[in-house]
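First to last, the protein sequences are chains A, B, C and D. Using my numbering, you'd call the opening residue of the first sequence number 1 and step up by one each time. Using my numbering, you'd call the opening residue of the second sequence number 1 and step up by one each time. Using my numbering, you'd call the opening residue of the third sequence number 1 and step up by one each time. Using my numbering, you'd call the opening residue of the fourth sequence number 1 and step up by one each time.
Be a bit skeptical, because a hint or two may be false.
No copy labels: a pair is met if it fits in one copy or bridges any two.
DSS-like, lysine-lysine: derived pairs with alpha carbons at most 25 Å apart [stated by the list, open to error]:
1) K40 / K142
2) K2 / K19
3) K114 / K211
Honestly, the hints are just simulated from the structure, not real lab data. Please read these numbers as outputs of a predicted model, since none were measured by experiment.
Listed below are the residues making up each chain.
4 protein chains.
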Amino acid sequence: MKLYICANGFTEDQLDQAKHCIEKLRIGHECSLPEELGRKLFNASYVPDFAPEEADLIISLGGDGALLAAARVAIAAERPLIGINSGRLGYLCAMSFDDIDRFDEIIAARRIRKVHLLELSLDGRHAYALNDIIVAKHNFGKTVDLKVAIEGYRDMDIRGDGIIICTPVGSTAYNLSAGGPELDYDADVFALTPICAHNRDTHCRIVSGDKAVSVSVNHESALIYADGELIGETSNSAGIARSDKMLELYF
Amino acid sequence: MKLYICANGFTEDQLDQAKHCIEKLRIGHECSLPEELGRKLFNASYVPDFAPEEADLIISLGGDGALLAAARVAIAAERPLIGINSGRLGYLCAMSFDDIDRFDEIIAARRIRKVHLLELSLDGRHAYALNDIIVAKHNFGKTVDLKVAIEGYRDMDIRGDGIIICTPVGSTAYNLSAGGPELDYDADVFALTPICAHNRDTHCRIVSGDKAVSVSVNHESALIYADGELIGETSNSAGIARSDKMLELYF
Amino acid sequence: MKLYICANGFTEDQLDQAKHCIEKLRIGHECSLPEELGRKLFNASYVPDFAPEEADLIISLGGDGALLAAARVAIAAERPLIGINSGRLGYLCAMSFDDIDRFDEIIAARRIRKVHLLELSLDGRHAYALNDIIVAKHNFGKTVDLKVAIEGYRDMDIRGDGIIICTPVGSTAYNLSAGGPELDYDADVFALTPICAHNRDTHCRIVSGDKAVSVSVNHESALIYADGELIGETSNSAGIARSDKMLELYF
Amino acid sequence: MKLYICANGFTEDQLDQAKHCIEKLRIGHECSLPEELGRKLFNASYVPDFAPEEADLIISLGGDGALLAAARVAIAAERPLIGINSGRLGYLCAMSFDDIDRFDEIIAARRIRKVHLLELSLDGRHAYALNDIIVAKHNFGKTVDLKVAIEGYRDMDIRGDGIIICTPVGSTAYNLSAGGPELDYDADVFALTPICAHNRDTHCRIVSGDKAVSVSVNHESALIYADGELIGETSNSAGIARSDKMLELYF
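Let the hints inform the model, and build the full structure from the sequences given.
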């Protein structure tokens with residue numbers, strides 16, 4: 001099997017753990033790493049053996065943060081993804097470092113969920129999210145003033161920190177902290193959850209998965225994040241809808 | 001058209017208004033009323049002209065409370081329902097008393113939503129709900145201790161006031177007050193919303209419309225309400241799922 | 001020392017535990033029990049040796065529910081109170097059944113908090129609360145419509161389940177479940193916390209301990225509870241303020 | 001009377017309005033402006049007539065944001081402050097631009113509240129806040145992990161967006177958006193309100209005004225804001241307590 005292995009945010013200890021893990025995987029599998037990771041872990045002149053598109057499986061080493069970063073690789077390459085958890089938060093990871101000897105067995109069991117993604121359209125660019133898209137204020141010294149529309153119909157205004165649009169997979173992450181509900185993996189919906197709105201005539205909305213959402217900025221500008229990564233800034237509007245692309249995720 | 005007209009909770013003023021409304025409807029339609037209402041409005045020996053099952057349409061005069069009561073009649077008779085609103089809360093009503101002269105026109109437009117109902121199974125009995133089913137403590141001097149399962153899998157425990165299971169139509173009623181989200185009319189889901197839970201490891205859950213929920217009582221007993229009507233008491237468990245029956249509701 | 005010992009809601013097991021506990025306390029102390037408890041625990045013709053007013057200390061056996069009931073006795077008799085916890089919730093109890101052999105030592109340490117009480121005025125009657133006073137709907141098939149005033153000034157309307165007025169001691173009980181904050185024991189305030197209000201222009205209010213609150217009923221009637229005990233029903237209004245009485249509570 | 005007049009964030013229209021307002025105030029009062037404002041409003045070589053310390057009163061032209069900025073000047077100069085509101089949010093302002101002709105009358109009525117301030121200690125520096133101090137994550141792609149102690153005792157951990165420590169005056173601002181309660185102006189307390197905490201064993205705490213709070217950072221670093229102004233960054237800890245300084249604020 002051809003494995004493309006991603007990891008991020010590692011301390012010295014974690015790098016050792018990752019190295020150990022990759023050595024185990026190399027027994028019986030072809031492995032390729034992003035150039036930067038390979039140079040950090042193996043040698044300064046490391047060159048990837050193959051690109052993600054040529055892999056059978058993308059692997060994320062780390063916690064949920066690492067998995068969200070690896071998901072960007074898996075989505076672009078249209079390859080399945082498995083998370084191997086080292087960290088303290090691993091809702092999205094199918095297995096942990098301690099199970100590494102059972103890797104082949106776990107892969108063979110094929111416990112895969114084909115999950116919907118959100119697609120962000122921002123000034124002609126596109127980005128994808130497994131967990132959530134956030135339209136937020138610049139920092140904690142400000143607020144944003146947003147207008148949210150569903151299928152073109154004005155739904156609510158939010159003056160406060162911003163809004164989360166999340167998938168079922170992402171519903172137990174930031175959405176839950178902001179007071180949103182947990183969404184059943186099977187439910188064909190996503191959640192629009194205001195973040196600390198100062199206007200009280202607002203609340204979480206659950207919309208059908210086939211609805212298109214737009215978030216417009218009433219004053220100044222807002223920042224837009226997909227799966228925790230800053231995508232851009234807008235003083236205009238961002239479109240969010242279910243993507244045609246899906247991700248195969250081991251669970 | 002044969003109209004079966006329900007109303008409830010009327011003051012002297014409201015009875016006058018209802019009478020006026022019914023007199024308008026009688027011009028061009030056959031009307032029948034529940035015996036008790038007919039006797040209160042017309043004469044002490046009033047007998048309904050026909051049963052709800054023989055009507056073309058069930059009419060609710062009043063606010064959302066009246067409509068929920070009329071829905072029980074409409075569901076049992078498997079007839080469509082329209083709410084004519086007099087009161088201060090009328091989310092569920094398609095028109096108001098002031099529009100009564102446009103009744104035929106509104107009916108002809110057939111703006112109808114075929115909505116899912118919840119079915120409660122309690123000790124062999126069945127009840128239906130358009131808005132919500134509530135499993136709650138007896139009174140505000142007590143709490144209940146509930147165990148909630150989805151498709152047989154233990155999902156959460158609730159120690160507090162109780163739980164709301166609501167449909168999209170009912171999501172803006174009690175569910176919203178208890179911190180639950182508004183559900184898109186088109187979304188094939190319902191919400192499980194804890195009411196003032198003292199244990200913090202609990203939150204609202206959105207489940208697919210095809211999932212069966214059971215609520216069990218861990219200590220003593222709980223009361224069960226469907227659309228605000230007390231159905232019974234249990235120290236055992238109640239089953240809640242989407243009904244095969246649907247209701248045609250004008251909006 | 002003269003001990004007046006209260007207990008409630010006991011199962012067979014708990015009665016045995018209470019009996020064991022009382023037998024320990026009788027070594028070196030004079031003990032008296034409420035007639036009903038004495039008859040249940042000892043013999044059918046039990047007569048209390050002395051009234052609560054003659055005791056040096058009131059003892060509650062059980063959890064927080066038992067302590068709230070015993071507090072009514074301690075407040076009326078103006079005697080200090082200690083809770084000996086058997087149950088699963090014992091925030092208010094200073095010691096547990098397992099510590100019974102250290103009872104004299106714990107009493108000698110005199111870790112006592114002199115805590116404020118709430119006083120309810122309802123149609124000329126008065127009741128006291130250590131934890132909270134609740135003005136609530138009759139049952140979960142209804143709502144109440146309340147008007148809250150602070151020092152005579154209209155503060156907010158609540159259409160929903162009701163309102164909690166709680167002391168710092170009571171803030172971690174029902175108040176927390178309803179979304180209210182924890183109040184520092186030293187803070188000279190109480191909290192007014194709406195319970196599942198449907199109108200969104202409402203939120204928890206923290207008021208100075210010297211303010212008088214009144215809760216009026218806009219439609220029909222509401223039930224009033226002090227420390228979980230039903231005090232009465234009103235279609236008019238209830239007054240709540242800090243009592244001149246205080247309770248000495250071991251912690 | 002000697003007036004020191006502050007303003008900020010003005011559009012062309014608002015600058016005109018401010019100019020008009022200042023011209024009215026100059027009839028019968030000596031007025032001084034910060035250099036930058038004077039140059040923008042009057043002429044490029046404007047020099048303040050006197051410093052804030054020499055004024056009888058500091059004036060804020062604008063909304064609540066402007067008032068918080070002017071409060072920094074008033075606190076440093078130990079002078080009273082009045083807000084003249086032009087904008088849409090003016091809870092803290094005693095009068096509006098439309099009342100400008102009644103300025104002398106309003107000042108003469110001396111409706112002044114002497115309000116407590118929060119004092120932030122951060123790496124040897126000090127800052128003051130009329131509304132709130134916020135310890136927060138860097139941006140919406142991250143979280144912070146904080147440890148909160150009251151008088152040296154560990155109170156709670158917060159993993160999420162951060163924490164607000166607010167005064168009664170500031171309680172209806174960001175605190176309310178984050179789910180905190182409104183604090184009575186007379187109550188000698190402040191509120192510690194978690195912002196979107198992911199760990200559920202946390203809730204708002206109301207502490208006595210004389211308690212010292214410290215917020216420590218468990219991982220990486222946090223940003224600290226006083227009244228919406230970024231004060232600094234810390235990977236260590238920040239101290240927050242009631243200041244000895246107070247502010248005289250017209251209301």
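Hint by hint, here is what the structure shows:
no., hint, result
1, K40 / K142, "between (39 Å within a copy, 24 Å between copies)"
2, K2 / K19, "within (17 Å within a copy, 71 Å between copies)"
3, K114 / K211, "both (19 Å within a copy, 19 Å between copies)"
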